[in-house]
Amino acid sequence: MTTPNDRPEPPARAVPRPNAVVGVGLVVTDADGRVLLGQAHDGRWELPGGKVDPGESFEQAAARELAEETDLRVAPGDIRILTVQLSPEAETTRLTAGAVTGSAEGTAKVTEPHKILRWRWFAPDGIPEALYAPSAAVLRAWRPELGPTLPPVPSYDYPTP
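No gaps in the numbering here: position 70 of the sequence shown is 70 in the UniProt record's numbering, and each next residue is one more.
Hints in this document: simulated from the structure, not taken from any laboratory. Positions of the beta carbon are idealized from the N, C-alpha and C atoms, including for glycine. Honestly, I wouldn't trust all of these hints.
Cβ-Cβ distance ranges computed for the label pairs, FRET-style [stated by the list, open to error]: (1) Arg7 with Pro154: 50 to 56 Å; (2) Asp32 with Arg80: 17 to 23 Å; (3) Asp157 with Lys109: 27 to 33 Å.
Given the sequences, and given the hints that come with them, work out the whole structure.
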């Protein structure tokens, strides 16, 4: 095919197929330093969080997911990104931002009962061992001294300043 100036059209650029899941896990702390975890139907505990939608920052996604999952509210500006993690063991590349806030307002409640059975606050030294792997990796980035009490989860961690 030629253009009006009799030059060949450049070939269409090959676009890579999506091969990753991008998400955020949010460590929510209360005034007593406890962390909020939700118990899934398989018994494992997890941080609030989820996939980052197109056009969202990690902070915006974390605030949205927190509100959707718990009815707690926080401004994206009150969320700090701790780390970005790449999981080396998943079939699909998993890129997770670990974030933290101590500014959430409201009372945590189950708003997605098909995903979470209950929300509960835990002292850092009382976090259960049965954790969703990405949540364990984010918790380790948040409090490295918890490492021996958390399940081993391989990840490539890229701490943020």
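Cross-check of the supplied hints:
The hinted range of 50 to 56 Å is satisfied by Arg7 and Pro154, whose Cβ atoms lie roughly 51 Å apart. Take Asp32 and Arg80: their Cβ atoms lie about 19 Å apart, and the range 17 to 23 Å holds. A beta carbon spacing of about 32 Å between Asp157 and Lys109 agrees with the range 27 to 33 Å that was offered as a hint.
Violated hints for the displayed structure: none, as all numbered hints are satisfied.
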